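Novice: Given chain A's structure and the hints, the job is docking chain B onto it.
Quick mapping for you: the protein sequence lines, in order, are chains A and B.
Position 184 of the first sequence, counted from 1, bears residue number 846 in the working numbering, the numbering being contiguous throughout.
Position 121 of the second sequence, counted from 1, bears residue number 107 in the working numbering, the numbering being contiguous throughout.
Hints listed in this document are in silico derivations from the structure and should not be mistaken for laboratory results.
Worth double-checking, as some hints may not be accurate.
The calculated DSS-like cross-link candidates involving lysine-lysine, where the alpha carbons are at most 27 angstroms apart (straight line), are [what the hints assert, rightly or not]:
no.	chain 1	residue 1	chain 2	residue 2
1	B	LYS96	A	LYS713
2	B	LYS22	B	LYS166
3	A	LYS736	B	LYS6
4	A	LYS1018	A	LYS1049
5	A	LYS691	A	LYS1253
6	A	LYS743	B	LYS7
7	A	LYS812	A	LYS878
8	A	LYS1420	B	LYS96
9	B	LYS6	A	LYS1382
10	B	LYS7	A	LYS1307
11	B	LYS154	A	LYS1094
12	A	LYS1128	A	LYS1175
13	A	LYS736	B	LYS7
14	A	LYS1094	B	LYS43
15	A	LYS1085	B	LYS43
16	B	LYS44	A	LYS1175
17	A	LYS1175	A	LYS1332
18	B	LYS54	A	LYS1382
19	A	LYS1046	A	LYS1175
20	A	LYS1382	B	LYS44
21	A	LYS1129	A	LYS897
22	A	LYS1062	A	LYS983
23	B	LYS132	A	LYS743
24	A	LYS1407	A	LYS1382
Computed spacing ranges between beta-carbons, pair by pair [unchecked claim]:
no.	chain 1	residue 1	chain 2	residue 2	range
25	B	GLY4	A	GLY875	37 to 43 angstroms
26	B	GLY4	A	ALA1178	35 to 41 angstroms
27	B	PRO93	A	ASP976	45 to 51 angstroms
28	B	GLY4	A	VAL1411	27 to 33 angstroms
29	A	ALA1178	B	ALA153	23 to 29 angstroms
30	B	GLY168	A	GLU1210	48 to 54 angstroms
31	A	MET1388	B	GLY4	39 to 45 angstroms
Just so you have them, the derived chain B footprint on chain A, three or more residues with Cβ under 8 angstroms [claimed, not checked]:
no.	stretch
32	1061 to 1073
33	1301 to 1311
34	1382 to 1395
Since the model is a prediction, treat every value here as computed from it, not as a measurement.
Using N, Cα and C, we set each Cβ at its ideal position, and we do this for glycine too.
Chain by chain, the residues run as shown.
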Amino acid sequence: MRVKIGELKTDVGLVKNLELSIGRIVEEKWAEPMGPTPFPSLTALREWDMKLLQRYKPFYMPFCDVCCLCTFGKCDLTGNKRGACGIDMAGQQSRIVLIACCIGAATHIGHARHLVEHLIETFGRRHPLDVGGLNVQVEAPVTRLVCGVKPETLGDLEEVLDYVETQVTHLLSVAHTGQEGSNIDFESKVFHAGMIDQVGMEVADIAQIATYGFPKADPEAPLVDLGFGTINVEKPVILCIGHNVVPSVGIIDYMKENGFDGEIEVCGLCCTAHDITRYYKRGKIVGPISWQLRFIRSGVPDVVVLDEQCIRTDSLYEAQKIKAPVIVASEKNCMGLQNRTNDPADAIVEDLVGGKMPGALILDPEKVGEVAVKVALKVTPLRKKFKVIPEVDEVIQRAKECRQCNDCRRACPQDLHIPEAMKAAAEGTLAKLADLYELCVGCGRCEHACPVGLPVHSFIVKAGEKKLKEETYKVRAGRGAIQDVEIRNVGSPIVLGEIPGVVAFVGCANYPKGGAEVAEMCTEFANRRYIVVTSGCAAMSAGMYKDEEGKVPYETFTGEFAAGGIVNVGSCVANSHIAGAAIKIANIFAKRNLRANYEEIADYILNRVGAVGVAWGAYSQKAASIASGCWRLGIPVVVGPHGTKYRRMLLGRADRGEDWHVYDARTGEKVYVGPAPEHLFYAAETKEEAMVMIAKLCMRPNDTTKGRAIKLTHYIDLHKRLFGTMPEDIHLFVRTIGDIPITMKDEIVRILEEKKWKETVVPDPTLLPRLIRKRKE
Amino acid sequence: MKKDMATAEPWQTAEIPGPKKALVITKPEVAAAMIKRAKRHILIVGHKAAEIELEDKKLIDCMIELAKKANIPVVATAHAISEFLKRGYQPAGWMPAVDIGNRLTDPEWKGLDGNGPYDLALFVGLPYYMEWTILSGLKHFAPNLKTMTLDNVYQPNASWSFPNISAKDWLENLKVIIEKVGGE
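Just chain A, same shape as in the assembly (with noise of 0.2 angstroms):
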């Protein structure tokens, strides 16, 4: 609003040509008193960062030794030496890590962005942001500490994302040649930029809930269909990749609204598979990302869908060898096809039948639906499910064309033995491809590098077949948010510690052996009476798993955040309600105020909180901020072996005795509490390491002695059971006799008096010190 006054006559004087301008009216409706954080710049949250990465140093592991980003370049920092700018090595791995968790976060808000536009031109802007009925009163809790502003409808998201979108735009701009200079500083807009990530990410998920009848925050949200042969191959299939559930959406209504529910399958790969069981019960998830070229190759889908975010950008070419007609959906992938959106959906329909293009963009959802839904219905019996997985004679005679160059073992990420498989094949027997078929990440590299142009990958999803058909499993459909009342009835056991953890399994499917693990450490912890929370690709990699009476996981315990719970919130963007959950236990339970409050709930979460994050097959930039949202947020991220890609770790050490010290806020002195938690982001190179370690870092200061009893049980008990013996930092764990495990009291007591411990006060952990109670004389 601008106000334009030409003469003011007051008492005090004569004004004139006075010109106001005022941004924006805010309607105060909110009676929690603003914190000290509302909106924050780059810097405003820059003294917390610095208190974490005092702590928690970064490791560099450097995955390029030049920098090529400007034209001086290349500039070789090996070493540390520098480079033409100025920058060092340090500064340059902080600095593509901010790169990372910049396009991370900017594809979220992104997606966010298209998502809330698409559903108040939908939905109107007055459309309230229902995610839990009663059962949820703090909506959107990242928003509400971030920002300090509490969303009621779809329009008030709208500044939310400008504040994000203009975040993402400084971040971005820090990363230029000739800007920051230090790692540390870096490494603090890394921090930013994940936690604007949250915002972004809650922004997508608590708008899509609102408006498409998504799981609000349902204990008991279906269990739904995940697998491929759960696919039925005898109807027509529209398969649908990617993140953005607004095309899958339109054939879904526009099947519905025309007839043919019932009559086409509705699958999806990646997180637009989660989003499209939220919103149909009869949608069926295929798998994780890694299934693509299989479910590609295998002939099934007759139409492919492609919206954003992890597609295989040869999708288009992969469907063509299958002649199957794609769309593209989204501005953000558009596949070199021509723009048919304006067109009359028929003439579309009319030009993928006939083979005339290979595919079209329509960035229409609805028109997305009516040519995806008559295509597939008009292709499918002229297709006949043409799949280009060879006959087992073609492999084996193929297979003889092998020349054991090893070309194809070195260009694996998982070094899989393709050679000897080969040799095997070639001499009749497909069982050693096979067995590489669970621990195939899909990714084709192998195919790529073949000198004569073998289609491994085809070979290896041929000779697993078998268990591909096999795959029919079921996964609770992503409930969302975590109900308030939850919380409140978890709250004091977990921050008192005697639920000993919240773990997330989260991210991606780059596992180093396979989905199977996950599906073996959520179910261990879950047993072990953990939270155990899942999203993405990970919670559809927790459901491939049955147990001897042939339930999956997700049938053997139950959906609530509760003790023994493994909890699917959804897709990618439902990542923020297990940040949510987080921070809802410091303002429900605690009471924490959590307006704007930043710093205070991170302080809370890190000392209090024994959340870990666990991305077993962590890949891309979304997972980097996703992750680097944990950080900030005090929460602990384990990642697999391949994280180390993301070069570097922030890691304490455990032997420096006067990194762990925090402040008591009951007497202002500083206390040792030992290293709780020992890391802030960390790869484990087995799965073994990773469920040690995720006990450990489940371990916070504020643990009361019975909590921390339970809570190194179970790290004892992993420990002698997977390394086979004592853990040996036992002594930096127990703070009083009464933390020990009553059970073991006398082997530790004797470990105790070997290491010369010496018993401390279990303090009422900060490490802020304006929270500070009483201050010391």
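Specialist: Showing chain B alone in chain A's frame:
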């Protein structure tokens, strides 16, 4: 001889670093001499050492032999510790691979025994790409430390590495190293 044999190319084709790359160990005697010359060495053994078979024994058995012969303290990473203990060998320590990597970059770290920083770190049995990245961290941020890999694949970020060699040649090399490292 296969194409990748005896050439100093990274085992994973695209993992090309540089300009600084590991010197190739062409003779096991040279590796043995460098191990003997080190004043403070440490051997980091990953979980794959217990999986890799070299004729009638596992790689981890060779490493135990080497550690005993050359009196090198061992750090077991991941669950390799249990495999050492099963064989009646007590490593000097066990910790995550990234943790030992991080500590080795710290010039103030006095080592597992508190007697001062190490001058040679030997690596073996980690996943290739993980060893690659950790060795990169040491190449850039541990200027006073030399690193050597005893795997049979070229690790370009080490100070010294074997080229890509067959399992048979690998075992032969390890036998020579073990034979040569003992005594004065």
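Novice: All the hints need checking, so say for each whether the structure fits it.
Specialist: Checked hints:
no. : hint                                     : in the structure
1   : B:LYS96 x A:LYS713                       : 25 angstroms, holds
2   : B:LYS22 x B:LYS166                       : 9 angstroms, holds
3   : A:LYS736 x B:LYS6                        : 14 angstroms, holds
4   : A:LYS1018 x A:LYS1049                    : 20 angstroms, holds
5   : A:LYS691 x A:LYS1253                     : 19 angstroms, holds
6   : A:LYS743 x B:LYS7                        : 16 angstroms, holds
7   : A:LYS812 x A:LYS878                      : 18 angstroms, holds
8   : A:LYS1420 x B:LYS96                      : 23 angstroms, holds
9   : B:LYS6 x A:LYS1382                       : 42 angstroms, violated
10  : B:LYS7 x A:LYS1307                       : 18 angstroms, holds
11  : B:LYS154 x A:LYS1094                     : 22 angstroms, holds
12  : A:LYS1128 x A:LYS1175                    : 20 angstroms, holds
13  : A:LYS736 x B:LYS7                        : 17 angstroms, holds
14  : A:LYS1094 x B:LYS43                      : 23 angstroms, holds
15  : A:LYS1085 x B:LYS43                      : 24 angstroms, holds
16  : B:LYS44 x A:LYS1175                      : 21 angstroms, holds
17  : A:LYS1175 x A:LYS1332                    : 44 angstroms, violated
18  : B:LYS54 x A:LYS1382                      : 25 angstroms, holds
19  : A:LYS1046 x A:LYS1175                    : 35 angstroms, violated
20  : A:LYS1382 x B:LYS44                      : 23 angstroms, holds
21  : A:LYS1129 x A:LYS897                     : 21 angstroms, holds
22  : A:LYS1062 x A:LYS983                     : 24 angstroms, holds
23  : B:LYS132 x A:LYS743                      : 18 angstroms, holds
24  : A:LYS1407 x A:LYS1382                    : 15 angstroms, holds
25  : B:GLY4 x A:GLY875: 37 to 43 angstroms    : 55 angstroms, violated
26  : B:GLY4 x A:ALA1178: 35 to 41 angstroms   : 37 angstroms, holds
27  : B:PRO93 x A:ASP976: 45 to 51 angstroms   : 47 angstroms, holds
28  : B:GLY4 x A:VAL1411: 27 to 33 angstroms   : 54 angstroms, violated
29  : A:ALA1178 x B:ALA153: 23 to 29 angstroms : 28 angstroms, holds
30  : B:GLY168 x A:GLU1210: 48 to 54 angstroms : 52 angstroms, holds
31  : A:MET1388 x B:GLY4: 39 to 45 angstroms   : 44 angstroms, holds
32  : 1061 to 1073                             : holds (count 6)
33  : 1301 to 1311                             : holds (count 6)
34  : 1382 to 1395                             : holds (count 5)
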